[in-house]
Amino acid sequence: MNETLVAVEAVTKRYGDTVALDAMSLTLRSGLTGLLGPNGAGKTTLIRILTTATAPSSGRITVFGHDATGSLVDRTEVRRQLGYVPQEVRFPRGLTCFAFVDYIAVLKEWTDTARRHTEVRRVLDLVGLGDRATRKIRALSGGQRRRLALSQAFLGRPRLLVLDEPTAGLDPEQRASLRTLLSEHGRTGAVLLATHQTEDVAALCERIIVVDAGRIRFDGTVAEFVATAAGRVWLGDAPLPGALQTWRTGTGRIRSIGGVAPTAPDPTVSAAEPTVEDAYLLMLGPAAHAGAEVAA
Amino acid sequence: MSTMSWHCDPHLLARYSAGALDAVLAASVEAHLVHCTQCQTAMAAHTDPDESDRIWAGVREAIARPVLPWPVRLLRRCGLNDEDAVLLSVSRSLRGPWTLATVVVLVCAVWASFPDDPRGKAAYLLVAPLVPVLGVVAAFVSVDQTAELAVTTPYSKARLTLLRTLAVIVTTVPLVVAMGALIPGIGWMAVTWLGPAFGLTLTALVGLTWLSAEVIGPAVLAGWAAVVAGAYGHDTVATTVAAPAQLGYLVLTVVTAAVLSLRIRSTNFPGALP
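Line by line, the protein sequences are chains A and B. Be aware that the first sequence starts at 2, since it is given in the numbering used here, and climbs by one per residue. Be aware that the second sequence starts at 17, since it is given in the numbering used here, and climbs by one per residue.
Hint data in this document are derived by calculation from the structure and do not stem from the laboratory. Each residue gets a CB set at the ideal place from its N, CA and C atoms; glycine is no exception. Some hints could be false.
[Unchecked claim] If you want the footprint, here are the derived chain A segments under chain B, 3+ residues with CB under 8 angstroms: (1) 50-64; (2) 102-110; (3) 233-246.
Using the sequences provided together with the hints, build the complete structure.
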């Protein structure tokens with residue numbers, strides 16, 4: 002049974018005259034869901050509303066049966082089930098890794114000192130920073146800081162994990178470790194992963210939601226999403242006329258996304274297996290350029 | 017693999033483990049164990065793994081436990097609990113106000129050595145109420161950095177706000193009052209500045225639910241400076257803390273406390289977030 006854990010109903014968010022979210026509705030269940038979209042599409046706004054960091058202009062969000070847009074009591078209940086990693090985490094000055102996670106653990110109502118410290122060490126070990134616990138944060142590399150930001154989200158094994166660009170700044174090995182961690186977490190709770198890294202979505206998520214201009218453009222499985230690009234990706238010796246994107250691959254052949262397919266059989270052109278990135282580029286067109294990471 | 021030619025016999029290890037050896041022999045066995053893997057393995061049979069794990073956990077705990085800033089250590093000795101100490105040590109809210117308060121008091125003390133100069137009193141009235149205000153604002157400047165994370169945690173933002181504010185007041189107000197009382201000619205002014213101090217502190221807290229600490233701090237400072245400068249210009253500095261003014265500060269305190277209560281209930285806090 003995979004019940005609805007999070008329900009977003011007709012949520013709109015306005016900043017002055019700008020509509021960041023336009024009557025958006027969606028549901029989340031157990032497992033990993035990828036949230037894709039170009040910069041300014043509304044991903045971060047949706048995440049900030051889901052995590053109760055900001056209130057919507059209208060609409061309703063229910064998380065584990067509690068109204069995230071309702072009373073302070075309801076919002077507090079939602080926050081008790083939540084692990085969140087913002088796109089950018091700024092750390093207080095002068096703290097060690099342990100002190101920072103300990104601080105967040107106190108804010109997450111871990112009152113028993115011994116149990117709290119055990120939990121802090123557990124999450125630091127989880128992200129491979131156990132041996133850096135006493136290091137000052139300012140002495141950490143960018144990737145280590147990102148892992149530190151991630152560690153606090155796992156405090157108390159939250160049922161809803163919301164991650165905004167979690168793999169930014171991580172090397173391939175660290176990204177692989179994080180994928181293992183997230184896939185494990187997705188077996189028992191809901192994980193929402195907002196990212197520009199389409200390969201992370203392809204590797205991890207069962208479901209993809211694509212947002213653009215504050216609206217949902219696609220909501221379905223990864224296979225369904227990739228299928229939208231079937232027959233629209235080509236390999237040839239030259240760029241296809243009208244292609245949205247073209248690049249020379251490692252084999253020396255030109256990969257064309259979109260464009261006019263050859264009307265007559267052409268031995269130099271063959272259909273290629275589409276990827277999540279191809280489908281994303283085709284779905285959003287030029288708008289995708291703002292945020293997509295194109296692997297050349 | 018061990019390269020030692022001599023090894024501890026099991027009886028010796030058993031006595032060492034039981035703490036039955038004298039200090040010299042125990043130190044000798046300990047020095048040997050550090051380098052001899054064979055004896056380390058033999059020693060394992062004499063130790064309780066659970067006890068060993070507990071000891072190592074304790075060592076790890078002692079190393080990892082963050083060192084608290086000294087004002088927080090002081091508050092811990094006065095009964096502050098562990099979790100509140102963690103919250104205050106992150107905001108680093110106490111060191112700045114203490115330093116500021118000390119400087120203020122020193123400046124006023126020097127100025128007060130010229131009893132005919134009214135500027136000494138004006139300076140005292142200008143700066144003393146701002147000490148707790150700037151302390152509270154300073155606490156939020158550092159914590160604003162984690163506001164995005166902190167706001168999504170279940171911890172009561174009202175309690176967090178009051179904790180930081182009280183910590184600043186507890187560590188600054190007694191110092192400023194005590195030193196003000198030592199300044200000749202200040203009289204009741206040594207305590208009457210508390211009226212505007214409470215009003216301004218709560219005004220700053222209400223402002224922080226809408227704007228960032230970097231905006232609120234200078235705004236409150238400029239506002240109070242304008243009030244004192246205006247009174248000084250009319251040679252009526254003492255009226256800024258006279259009875260009618262105190263009534264005004266009381267009203268301001270009550271109103272801002274009510275607004276703060278409503279803001280904390282109705283929105284996320286602090287308000288540096290859009």
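Ascending list of hint numbers which this structure does not respect: Failing hint: just 3.
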